[in-house]
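We have chain X already, so just place chain L on it with the hints.
Chains X and L, in that order, give the protein sequences. Taking numbering that gives the first Met the number 0, the leading residue of the first sequence gets 0, the next gets one more, and so forth. Taking numbering that gives the first Met the number 0, the leading residue of the second sequence gets 0, the next gets one more, and so forth.
Calculated from the structure, these hints are not laboratory results. Any given hint might turn out to be false.
Computed list of lysine-lysine pairs in PhoX-like fashion (alpha-carbon distance at most 25 Å, straight line) [what the hints assert, rightly or not]:
#	chain 1	residue 1	chain 2	residue 2
1	L	24	L	256
2	L	230	X	55
3	L	90	X	23
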Amino acid sequence: MSKSEIPQGTVDYTSLTCTNLMIKMKVLTQKMETGQSLKFLTTKEGNSNLSGAFNKYPYKYESKQIEPNLFFATIIRV
Amino acid sequence: MVEIIGLFTEKISYERIQWLFPFLKSFFLFNKVNKTNIQMYLTGSALYSLFNYDSLLNWDDLANEEILIRVDQNEARKIGFSCDTISESLKISNKIIWTNIFWDDLVKELIKEKRFDSIGYLQLESPYQNRTSVYAIQLLNAIYNSGIRPELYLYLDGLHMGLKNQNPSEFENIGNSIETLAQNLMSKNTSVHFFACSRCATSRGYVKEIDSEGNFKSDCMIDPIQIINLKKIIECVGAVSPALSSNCINIFNLNNKKSNKTNLFIFITHFPYDLEYTFGAISFAIASMNQGIRTTVIFIEDGVLALGSDHHIIESDKIFNIQDIIESTLHEENLRYYALEESINNRQIKINPKFKEISCVKSNTIANFILTDEDKFLHKIIFF
Numbered sequence: 000m001s002k003s004e005i006p007q008g009t010v011d012y013t014s015l016t017c018t019n020l021m022i023k024m025k026v027l028t029q030k031m032e033t034g035q036s037l038k039f040l041t042t043k044e045g046n047s048n049l050s051g052a053f054n055k056y057p058y059k060y061e062s063k064q065i066e067p068n069l070f071f072a073t074i075i076r077v
Numbered sequence: 000m001v002e003i004i005g006l007f008t009e010k011i012s013y014e015r016i017q018w019l020f021p022f023l024k025s026f027f028l029f030n031k032v033n034k035t036n037i038q039m040y041l042t043g044s045a046l047y048s049l050f051n052y053d054s055l056l057n058w059d060d061l062a063n064e065e066i067l068i069r070v071d072q073n074e075a076r077k078i079g080f081s082c083d084t085i086s087e088s089l090k091i092s093n094k095i096i097w098t099n100i101f102w103d104d105l106v107k108e109l110i111k112e113k114r115f116d117s118i119g120y121l122q123l124e125s126p127y128q129n130r131t132s133v134y135a136i137q138l139l140n141a142i143y144n145s146g147i148r149p150e151l152y153l154y155l156d157g158l159h160m161g162l163k164n165q166n167p168s169e170f171e172n173i174g175n176s177i178e179t180l181a182q183n184l185m186s187k188n189t190s191v192h193f194f195a196c197s198r199c200a201t202s203r204g205y206v207k208e209i210d211s212e213g214n215f216k217s218d219c220m221i222d223p224i225q226i227i228n229l230k231k232i233i234e235c236v237g238a239v240s241p242a243l244s245s246n247c248i249n250i251f252n253l254n255n256k257k258s259n260k261t262n263l264f265i266f267i268t269h270f271p272y273d274l275e276y277t278f279g280a281i282s283f284a285i286a287s288m289n290q291g292i293r294t295t296v297i298f299i300e301d302g303v304l305a306l307g308s309d310h311h312i313i314e315s316d317k318i319f320n321i322q323d324i325i326e327s328t329l330h331e332e333n334l335r336y337y338a339l340e341e342s343i344n345n346r347q348i349k350i351n352p353k354f355k356e357i358s359c360v361k362s363n364t365i366a367n368f369i370l371t372d373e374d375k376f377l378h379k380i381i382f383f
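Bound conformation, chain X alone (with noise of 0.2 Å):
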């Protein structure tokens, strides 16, 4: 994926340092309702992290590497 295919409007958290980043997916994904999404970009350690967390039920994680340290993430509630 290049990063001309980011979506417009995708939050970009590659500012956040690993354990905040868990925890404002942790709070944004509580109030999430099944189907709706959450799509951002990450740091390449973000990503590594949160595939672990949010890799199963209710949610689905899927990433697009964009660069060596960038990823676009979604985060789905199943």
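Structure of chain L alone, referenced to chain X:
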């Protein structure tokens, strides 16, 4: 045998005594089969609790059990206390050892009949304003002198211990002391594990840039200290070796020395927002849980106020809603939340209904959690 080693540097309030002493006594009550041995190490403002009349009655009651209290004679001297100040008629006076090698004694007891490669210290407070930074240096040097690797973890305002160019006119230079210790370790080919949390470092302006590998670069942190992800600090704290902090308790199940399992208990004792302790504690707990460490958060004293009323935080407030964080992590595999019943009753608060799953427990129940978790060698309690 259960061995409990507690370190207290801050004031042991009357309220704290009301739950802490029953907690400690429970180990004797519930653990009749195996022996329980408790040592309390008191320095700094914790010393005042030995000289307050109401507290003394409770200390005297605790003295009926197998407990030893080591008092930092050097710190007691500074505040004008001596063994003469405590009445000899009190049972407690027989249980107190006045020591001027306080930190050496603590380390000696921590390692007695146990094998550790390292002992870590988590510093939460800034230097100069807080004397805990001095205690940190004294403890780290005592660990070094014992032949074990000292580890330093800087979290929250503890970061400032690592600021470059410290130049106090009248106080011990904390930065220099850390650098000297690091040099001593390197001269013995011992690795230097002095770490600072990247989140705390970033927010306090220590991080100049993050390179393509994700490494944090600083031009204002002294060299021996590495700014790293909290995950790495948690790995160290969760290891099978003591982790100390300015107020902490390490509980060893000596019948289980071969176990490589530990538990982490985080006691949140401060109000939710005016200081960073509560957010820092919960972040720490979440990071710990993510590392697979069985983590228990207990809201105690003013910490229970995080669970009462309904917090309304809007985006422009620029803080995390503590209640939202708790609510979103209520069902995690390695994380449990509790509230101390005594603290809730003292404040006459009603727990927010969204926390109905958070059990209110008495202090002796917490002791029971530890005693019934028999496959663990070490339980660590850190006070935030």
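These are the hints, each one checked on the structure:
For the proposed pair residue 24 of chain L and residue 256 of chain L, the alpha carbon gap of about 23 Å is at most 25 Å, so the pair holds. As the CA atoms of residue 230 of chain L and residue 55 of chain X are separated by approximately 21 Å, the hinted pair is consistent with the 25 Å bound. For the hint pairing residue 90 of chain L with residue 23 of chain X, the CA-to-CA distance comes to about 52 Å; that exceeds 25 Å, so the pair is violated.
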